[in-house]
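Undergrad: Take the two lone chains and join them into the complex the hints point to.
Residue numbers (this note's numbering), protein chains in the order written: chain R, 1 to 802; chain S, 1 to 185.
The set of hints was computed from the structure by calculation and includes no laboratory data. You may find that some hints are simply not true.
[What the hints assert, rightly or not] Quick partial rundown of chain R residues pointing at chain S, CB under 7 Å, derived from the structure:
id	residue
1	Ala15
2	Gly18
3	Thr22
4	Ile24
5	Gln37
6	Ala294
[As the list claims (entries may be wrong)] With a straight-line Cα cutoff of 25 Å, these simulated DSS-like cross-link-like pairs (lysine-lysine) come out:
id	chain 1	residue 1	chain 2	residue 2
7	R	Lys27	S	Lys169
8	S	Lys185	R	Lys697
9	S	Lys77	R	Lys531
10	R	Lys27	S	Lys41
11	S	Lys169	R	Lys531
Built from N, CA and C at the ideal position, the CB exists for glycine as well.
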Amino acid sequence: MSLGRRAFLQFVGGAIGGTLLTPIPWKLADDSAIWTQNWSWRPSPERGEITRVRSVCQLCPGGCGITARLVNGRRAVAVTGNEAHALSGGGVCPMGASSLQYLYAPYRIQQPLKQMGSRGDSKGFKPVSWAEALKEVTAKLTKLRSEGKSHTVACLTGQKRSTMARLWKRFLTAYGSPNFYTMPDAADSMRLAVALTTGRDAEVGFLWDKATYVLNFGAPLLEGWGSPVYLQKVFGRWQTEKPGVPRTVLVHVESRASLTASKAHRWIACNPGTEAALALGIAHVLVRDKLYDAAFVAEKVFGFEDWTDATGAQRKGFRNVVLAKYGVEETAKITGVAPQTIQDLARELAKQKHALVVWGQDKGDKPNSLYHDLAFLALNALLGTLTPSGTVVLVPPDPWGDLPEPVLDTEAYRGAGQTALGRPSTVPRTKAPVNTVLPFLEALASGSEYPVELLFIHEANPAYSLPETALVTQALQKAAMVVSFSSFMDETTQWADIILPNHTALERLDDVIGLPGAPYVYYALASPIVKPLYDTKGTGDVLLNLAAAVGGGVAESHPWKTYEEVLKATVASIAKAGTGLVATAGSFDPASVLPGRPLQPNFKDAADLWNKLKAGACWVDAPAAVESFATPSERYELACQGLMVSISPTAADDLFMPRFHPLKPSGEESEFPLLLVAYASLMLSEGYVPNTPFMNKLLPDDVLRKQDVFVEIHPETARTLGLADKAAAVLKTPRGETPVRVRLTTAVKPGVVAAPQGFGHTAYDEYVQQKGFNANSLVEVQLDPITGLGTLWATRAQLRRA
Amino acid sequence: MGEVKKSASQKGAGIVFFLAGFIGALLVGWVVFPNVLYSTKTQPITFLHSSHQDSNCEDCHYFRDDGSYNGLPKVAKCAECHAEPMGDSPEEKKLVEEYIQQEREIPWLVYAWQPDNVYFSHAAHTQQQGIECVRCHRDVTKETKNPPFKENRLTGYSDKTMKMVECEKCHAEHGASNACHLCHK
Chain R
1 MSLGRRAFLQ FVGGAIGGTL LTPIPWKLAD DSAIWTQNWS WRPSPERGEI
51 TRVRSVCQLC PGGCGITARL VNGRRAVAVT GNEAHALSGG GVCPMGASSL
101 QYLYAPYRIQ QPLKQMGSRG DSKGFKPVSW AEALKEVTAK LTKLRSEGKS
151 HTVACLTGQK RSTMARLWKR FLTAYGSPNF YTMPDAADSM RLAVALTTGR
201 DAEVGFLWDK ATYVLNFGAP LLEGWGSPVY LQKVFGRWQT EKPGVPRTVL
251 VHVESRASLT ASKAHRWIAC NPGTEAALAL GIAHVLVRDK LYDAAFVAEK
301 VFGFEDWTDA TGAQRKGFRN VVLAKYGVEE TAKITGVAPQ TIQDLARELA
351 KQKHALVVWG QDKGDKPNSL YHDLAFLALN ALLGTLTPSG TVVLVPPDPW
401 GDLPEPVLDT EAYRGAGQTA LGRPSTVPRT KAPVNTVLPF LEALASGSEY
451 PVELLFIHEA NPAYSLPETA LVTQALQKAA MVVSFSSFMD ETTQWADIIL
501 PNHTALERLD DVIGLPGAPY VYYALASPIV KPLYDTKGTG DVLLNLAAAV
551 GGGVAESHPW KTYEEVLKAT VASIAKAGTG LVATAGSFDP ASVLPGRPLQ
601 PNFKDAADLW NKLKAGACWV DAPAAVESFA TPSERYELAC QGLMVSISPT
651 AADDLFMPRF HPLKPSGEES EFPLLLVAYA SLMLSEGYVP NTPFMNKLLP
701 DDVLRKQDVF VEIHPETART LGLADKAAAV LKTPRGETPV RVRLTTAVKP
751 GVVAAPQGFG HTAYDEYVQQ KGFNANSLVE VQLDPITGLG TLWATRAQLR
801 RA
Chain S
1 MGEVKKSASQ KGAGIVFFLA GFIGALLVGW VVFPNVLYST KTQPITFLHS
51 SHQDSNCEDC HYFRDDGSYN GLPKVAKCAE CHAEPMGDSP EEKKLVEEYI
101 QQEREIPWLV YAWQPDNVYF SHAAHTQQQG IECVRCHRDV TKETKNPPFK
151 ENRLTGYSDK TMKMVECEKC HAEHGASNAC HLCHK
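Excised from the complex, chain S in its bound form (with noise of 0.2 Å):
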């Protein structure tokens, strides 16, 4: 028997099965994983910032006297404006009808929200470093509706959670430490 040589038509055969396994492996992880792995919610109530440009930022997002910063306003701020309903939107009869008047807190989901064994002070970088907020936050002030919520199937948070990355290139170009302690103490 004579050894068996392989035909330029099998070697040919061969890279298009190659490319084909290589192709369809791209489009799947580029394309349909990232569907896949991001489910898009929308929030409880549609909450526009441009609807609010007659408040100042720090009305609702301020720190407060020990230093800390309040993030999300409670329900109660809201009800400071909107203990009754100031217009006829639906979404504002929402507010008041099914959070204000029942005393509950609308379960915001929040684009930022960082995991528990993260600390991070607004007051360190703000207002000691003079850091804008749309460093890290989108620009809210021209929205016209929310941006969808793509929450990560596995671990819950937004797709535009900050990864610890982007902290420690921060921190590198400002000099800033990068010990771990700082952030996870």
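The following block holds chain R by itself, in its conformation from the complex (with noise of 0.2 Å):
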């Protein structure tokens, strides 16, 4: 017997034959499937007790309420609406709805960092302790305080609607330095034009429930402008069919076929930035016509009919200026809508019951030219809408009066003695603050005036969401040191020296004090949902801990130990004024809010109230009725006397009061013979976060295409160029190019680009880098020459084949 080949052939023959007849083949077949499905890559969600905790948002002003899912208590799993919330009722908007890709996302800072490369180098931080961190910022801020330079520390904050705000200001007046900024707003301007004309720091809220006819310049109600959630559960509410009351009629006045316009029940497609023109057209043929509130002009306006200056000079009134330079033929010139349009629209509104005039732009995020605001206060003011029965009301930002003064010291005296950098002298003095970043930015950025030894920059990205991002990025290689509080490593933050993170917003406790454009006094507790996953810290808590290591009197005005013991005092001031509903769906009515009629409190006391809005209720009141004004003559001011400081005493009569004043483009028509306008859209974020992933989904390819993006034109303006539907093209303005694709559609006018906001990230990660381009780096900002507010309307603009 040997052993051959044949032997060997045998044994394999029985081997194979023998396993066939045991698990093997079979057991490792199904375990190898089993294997597969448990890769250490492969996502498994952890299982638990599901819970629930209910908060407010706070990625944007529009204070929504949420309700996150939890399992087992810390992992958070979803992010949907809070259907207790009294205003937002269940809804949420894209960016609420994925805001769990924030807390969760790779392009977190997970420690204190401190640049030790170069300037901007995105690899150059590294980690340190916070003590060591806040000890050097704390040094930082002694010795230019021991030097007499408090006023060279600055400080911008894109929280703007929440007590970090005050916080802040109240820190740097304490300290010594006028330079507090917030990221802009509408509110800018706006407080500011209402300031003038009614004597009252306020917002300007709609009574949308009450309205039954709103003609609409510009404002994207259904696009993120305002409170977007709420607006939208007022528009279902305007489509909801009750019997006896008529529907009301949304006409949108806008250049570009938007969503609001898509969804109004007319569009008026006027020129870009010709809004406010149309607002005194339409002003025009009211006074003519003499459809306008007679009984409201003649007892509570002044500058409507001529009038006497300070200096004893006559002024022409606005009677005579809107009807001598507003006529209906040339405003159809300027505006693009026909004359006979004009006068219907006025006649329309002269018959309606309870017409309201609303206007904005994008998400409520950039300032007004201050006569534009004046135009359509105007319109307002001559429909008698800002009467006690009228459908517009003036909401004070802060009701229940601040935290204690601050104390101030010698240094923080001499601080508040200097003047804010680049603040221009014409900006007139209101009740209102004054929030000049633009001009901040660019005298940092050209080093006049005085240098910014010290720059804070909180829960803001500059770099990329304000328009004109190269001076951005050359003010803060002006600012000797820059400090950022940023959650994420964003366009700015990678200019920093020091980042302190600070918790992001579903990890901390803050508030968010009022609704932009809604008829209500507001104000919600933000719970957080988690325990911070990483080592951060509250940027209220540091703050508070850099005032205390500060000392002085800036110690002293900061008597809290946490940011909590803050909201804490707020919440107890508000329950002291004894007014105003913990707000509950279903047993609060959004449309009963009428002004001048307060709320009846619900809650017990201070703590009570404090342990509902931990809850996610929110607070709400009525804003008192506008009976009286506080202006000079003691009327709603048309003519605007407070303009008087600001303007020449020997300008023509026309500047103190609403006209259409559009700042002039740089660029020579003949180079740039279009017009660049950006638009903002609810799946796209432009602010100091970026999209998440899930965002990102929604966009449709003829928004974002792999990594192009799609600017809009119109198929004429395309056969001039010729350009073919989506074909690459480059989009050159003063400010720059790119390479973009067109989407032809004549929901453009001929002659406009209209391109998105919230493209062309450089910092972040890989599903948010280099997608398409940053319509900020293309787009001119214009300041406009009383308030120095940055204003943005259109760019000019040249396309061409790439």
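TA: Here it is as structure tokens:
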């Protein structure tokens, strides 16, 4: 018997036969399949108890109620709307719905960092301890103060509607710096316009539910303007049939057929940026045909008729100016709206019992020209909507009184005496705060006036989201030291020297004050839904820590140990005022809140109110009715006497009142024959946070295809340029150029290029970066010659085949 | 040259080689393979259900208000009685010092752990159908030590993990649906 080849084959044959009768092949096949399900990179959801936490979203000023779903109380798995929230009623926008992707984002900053390389090098950051980082910032603050340079410390915060903004302002005041800024906001110009015309510091609130006819000059009500979810609920109520109640008619004026335009009952397509001219043309018809509210104008309005100024000079009133300058034909020429349409709109408006004139731009994050704000306010005044029974109310930004006055020591007084960097002398002195961000950045970039030794940037990404991004980057490089409080490695934070990362919006306790555009006084607390994931600290607590370390009046002005104590003080003052109620859906009718009828409290005391607010409810009250005006004339001032200090006494009469005041865009029409307008969308974020991956999934492929972003042009424009649909092109403005693709649509006027905002990030991760271009790097901002606020309407542009 | 004829002895040897391979494979397949495929692990702490006879099953294994089943209790539940050691057992000391005091969850090896792609509702089976726990789980009442956890080296699951065929069989016997989406959502 030999062990030859044959024997081996016989053995193998037997082994194969035997193996087939064992579990080896069958079990291995089954287990291999199961093994592939358990690869380590395969996501596996945590199992456990499902709980829900209610809170309020802080990602935009909308103040929507949210519900977070958690596994085992620590892993957040979903954010949905809070159905019990009185104003957002269970709704949530794409950004709110995908907000967990910020919490668990790979681009989060997980501990304090210090730039060890050269400024702007995102790889040069090295982790440092909190103690070390705070020591360095405190040393800088103490040194600048001892050298009498406290005014060279500045802060730019993007959290405009939170106690954080007040705390920053307070810190800088007590420290001795006038350089406190918030990211630009429509309220910046609107509050100035309201202060000039009414003598009050207030935002404009609109009684959406009372209005029967809404003439909307450009505000994208369904695309993120104001409080987006609340406004979508309002829009829903307008469409709901109620027996005996006529449906509210929405007439939308805008150059582009936006989503709001397409959902409106009527769309008036005007030339870009000419909405204010149309408002004045309508005012002309109202005055000419005596269709205005004569009683209100006669009793409560100053400057309608000719008037005498403080120097004794005779001035023409609004009536004569508007009759002479904004005739229907002239207005039609400016706006591109047919004369007959202008007359019809005026007559329709005058016929209404409850007409309402609204205006706005993008997501309410761009100040308007002061004169244009005055024009829209004037149209409301002519229609009598400012009366106690009207549709417009003045909502005070801080109705329950501020925190106790800060303690000002010698250095604080000295600093307060300094002029804010770059602030023009023409800014009217009113009760409204002044927020000249762009002049500040211009002065910082150009090195004029005085240097900025320390710049704090909090919850803002100006290097991406401010128009003229190149200017911002230049300014950041000029500041001697930049401290960022960002939770994310964004375009601005890359220029920081020290990063003191804040908890994200879902990890911290904070508040939301006021709801833009809503006719309520609003307050809500945003509770953390999870414990902080990383070694981050709430900026409120960091700021209190810095104040204590600086000492002197700064420490005395900040007697609170934690930010929670500051919030408790705010809630206590609301409770002490003894008005307003904790509103919940079902028992609260948003339409029932009327100005001048304060709501009866339904909470026992401050502790009760605190607990209810912490559980995700909101506090709502009715603003006071506009009974009187605190202007020099004690009337609504169509001719603003407050502007006497801003403009030369010899100035023309119309400079004191609403007027159409387009600022000439730079560049030659021959080189840049088109006009570029940028538009906002609820599916795109152009502010402090970028688009989440989920938001990108919502974008159709004629907005974003792979890395290409589309701009909209009219087929006629395309024909002249020789561009086909989806063709690659180069978009050039005086500020720069970028490759784009074109989408042919009649939604834009011939000669106009519409570009989406929210693309073209260079920071964050692969899901955000390098998608198209940042519209802000191409648009041109124009400073309002009176307020110094950066306004934006259109930029000259050129489009050519790539 | 004549044809080569296989001798009887050659044929016999061929069968021997064949059988050697055949039997060897059977031995490897039925005896060696199961021992190689599974590694034996022990629980992080010896927990005896029999030592907890003063509690009801439902004290630790209960349905939550939303109808979902809590499965194994969290360490917070253990801490209700064992915040401090109640006896001298070294295992209890380990529980208190390594888990309760450090607020760490115990990484139990779960004999009945099902994959993520299986949806299983305890409520539908026990509350609605009245099926006893021991139909699927071992009877723990008289256990004096934890059974070894035999972990499949490839899949990571216990050898006691119930396979799909067992679910299907019971469903078929009881006339319940065997549609895919019933368990694979």
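Undergrad: Taking each numbered hint in turn, which are not upheld by the structure, reported in ascending numerical order?
TA: 6, 11
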